[in-house]
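Student: Using the hints, position chain B against chain A.
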Amino acid sequence: MKELSIGWVNVKRMIRERSNIFFVFIFPIALVLLIGIQFGSGFAPAIGVNQGDDGQLSDQVVAALEADDSVEVRQFVVREDLVTAVERGNVQAGVLLPAGMQTTTEAGEVLEIGLISRPDGTGTQLQSVIGAAISQVMTPVGAAQFAVAETDVDYSEALGVADELSEHVVPIDVSVTAVGEATFPESLGQFDLGASSQLVLFVFLTALAGSSALILTRQLGISRRMLSTPTPIRSIILGESLGRFGTALLQGLYIMVLTLIIFGVNWGDPIGAVLILTFLAAVGAGAGMLMGATFRNDQQASGIGVMVALGLAALGGAMFPLDLFSPTMQRVAHITPHAWALDGYAELVRRGGNVVDVLPELGVLAAYATGLLLLAAWRLRVAITER
Amino acid sequence: MPASLRIAGKDLRLRIRDRSALILGILAPLVLSYIFFLVFGPATTGQGLGLEFGVVDEDQTGISASFTAVLESAAAEGILELSVFDDQAAAEGALEEGDVDSYFLVPRGLEQAVFANQPATVEVVGDVDAPNSTQIAASFAERFSSGIAASQLAVVTAATVEGVQVTPDFIQSLSQQPSVAGMNYVLIDETATTKQLDAPTFFAAGMAVFFLFFTVQFGVTGLLEEDRDGTLARLMAAPIPRVSVVAGKAIVSFLLGIISMGVLVVATTFLMDATWGAPLGVALLVIAGVLAAVGIMGLVASVAKTPEGSGNLGSIIAVVLGMLGGTFFPIASSGGILASLTYLTPHAWFMRGLADLSSAAPWTDALPATGAIMVFAVVTSSLAFLLLRRRLQK
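Here the protein sequences come in this chain order: A and B.
Heads up, the first sequence is in this note's numbering, so the first residue is -18 and it goes up one at a time.
Heads up, the second sequence is in this note's numbering, so the first residue is 8 and it goes up one at a time.
Hints were generated in silico from the structure; no laboratory data involved.
Among the clues, some could well be false.
Pairwise CB distance ranges, derived in the manner of DEER restraints [what the hints assert, rightly or not]:
#1 A:Val59 / B:Gly16: 50 to 58 Å
#2 A:Glu145 / B:Gly378: 58 to 66 Å
#3 A:Asp135 / B:Phe122: 54 to 62 Å
#4 B:Glu315 / A:Ser(-14): 21 to 29 Å
#5 A:Ala48 / B:Glu103: 29 to 37 Å
#6 B:Leu21 / A:Glu(-2): 24 to 32 Å
#7 B:Arg20 / A:Leu197: 35 to 43 Å
#8 A:Ala48 / B:Gly100: 42 to 50 Å
#9 B:Val77 / A:Tyr235: 50 to 58 Å
Small disclaimer: the values here were computed from a predicted structure and weren't measured.
Positions of the beta carbon are idealized from the N, C-alpha and C atoms, including for glycine.
Next up, chain A with everything else stripped away, as it sits in the complex (with noise of 0.2 Å):
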């Protein structure tokens, strides 16, 4: 019972710890919001417009643009502010539509639309997505011109002919189709991809920051003097580690439960994703107990335990999807723990597997702990028992 005795002041002192809980509970439940309003719904390239004026056939070029799905339209009402925001990126391409242009093509004079785009950017790859929202509206336009050109009828009324005609004029037809499995498929949920990532990035960070309590219950002698008691020093070492375990497991639950209640966040078979979790906890307390072992200076354990936790972080995948590393990359990533967690989820959430298709992670996880977990507790014994 000893060692639940300790474990438990562990998590008691963290809880209590103000700052604590904003890092632990506040923050990574922002972060999880904020990831899924910004990245959530995809990536789709801006393209930023400035109308010359409201004229018809203006408004009906950004109608069409805006029908289009593959792209996002900004209306910018200032000239200088889209060429700003081109520059710094803010949108990918700009499209300046002159003021009148209804009289420029009665007079069969051809329109000049500026196109704005960066020598490095994607601009000049959505001219295409321009050119055919664009073409759209000006089909029947050009036509009414060739035929004022033609012949001596008058601009109007080749435009309601070509207008009227446009209906019959059957247009080569483009069918899309997407083939292959969806990495991320539809039924992805727009908090689901970020509340896994959060939670592993999260589960780790906490315990790794658990080392500084570790050296400071070294450093004020508390160790020393529960070792001065009939404690003996497995139950001391077995304490501690519960400690770290808990307060991971903890923060782990907390968001788990939390983002399925506020963003009803998709974490598939329940079983599944509590043992990654509880095993995530367990290599993260690993870790923890072996920073705690190892520094002597709680400050210098909390830099590298930042440092440490959100490079494994970005190593792992839980900053951005690992399907989107490159081979090279994918087989570096797996080096860390994080990785393995995210496929494990992964493969319960968007494959909808259960407790036998992440054996193969649990089982790398397990050692993961169990390595880290024994190193640990021969430094701990080493560092409490030396002088």
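Tutor: Okay, now just chain B, sitting in the frame of chain A:
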């Protein structure tokens, strides 16, 4: 030597021996920016969308060849990469292998259908994981389709207003090619300059300024540590002005910040090929950034009761400002409410100032952003100074 410098010198030695400032100020940002660059770099430096299209021409007629020609000219301009396949099976294979994002299938009988005003379909088959690329492929086909439709419509419109049937003779009698109808507008390229950081510079600058706020904490929090350890009372008893004590701590913070940023600018330039821009402009931004960090963290120290409290509150503020300021991912480009909130942080101005310096702009381009950061610096440091001085007078 003035007392403030003496105090600063003592603290600086202490911090350098302690090595925590070294870890947070130099090691962590360097390692993290390199990892971020490694992981996110390929996604952000893809130089556009990386369009890889294939085309299968089963029709082999004038019209179908003109479509391939349109794609080829786009490929020649570097807008996309084009592979021509002999049959659909080959294109299908390339799609599965990931060699192309999508391919066009131009069906047999396309030209015939166009001339007979009968329906025909160009298929765009795309990888489900490249929806944008596939949509752009579709827009290429649609633009081609509207060009053809424009010619068709032009001919029938002319015939209708003349009151005649469309016959080969009528088409012969026209003075212009019908295809001019689809050319009634041109896109005039207005190439803009680039005011955005490339991937290595973005991550280097982002991490440097993110950790800067942790690094400068070591200086100002020193005041609270002296208080806790009882040495502050002894300093107060010494024949030195109280202002010197506060100034000494601020100088430590400032120097730690400048050293950390200086080392990072030089190191990332050589290790990661980061291009920070005109040295004078970068220096101005760095100095303003460090001053703002000292001011904000000084303010935190002035309201905190213990060094631990100051450290914790400082971390929260540093993390929130850093995230909101777009040091991890560019918030300003995502639009929406966050894009306006981001400029409430000195971080966002620092990143923007550096972006203004990109593409070899003169150092003066950094002045607006430097000014904005200085507003943060002046406001927070005056407040912090007043509060800390009042605290020492008690």
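Student: Each hint: holds or not?
Tutor: Do the hints match the structure? See the list:
1. One distance hint, 50 to 58 Å for the beta-carbon pair A:Val59 and B:Gly16, holds here, with the actual separation near 53 Å.
2. For A:Glu145 and B:Gly378, the hinted distance range of 58 to 66 Å is satisfied, since their beta carbons lie about 60 Å from each other.
3. At about 30 Å, the beta-carbon gap between A:Asp135 and B:Phe122 misses the expected band of 54 to 62 Å.
4. At about 25 Å, the beta-carbon gap between B:Glu315 and A:Ser(-14) stays in the expected band of 21 to 29 Å.
5. Separated by about 31 Å at the C-beta atoms, A:Ala48 and B:Glu103 satisfy the suggested range of 29 to 37 Å.
6. The beta-carbon spacing between B:Leu21 and A:Glu(-2), approximately 25 Å, falls within the hinted interval of 24 to 32 Å.
7. Distance hint check: the CB atoms of B:Arg20 and A:Leu197 are about 25 Å apart, inconsistent with the given range 35 to 43 Å.
8. Under the hint 42 to 50 Å, the C-beta atoms of A:Ala48 and B:Gly100, about 34 Å apart, miss the expected range.
9. Judged by the Cβ atoms, the range 50 to 58 Å given for B:Val77 and A:Tyr235 holds: they are separated by roughly 56 Å.
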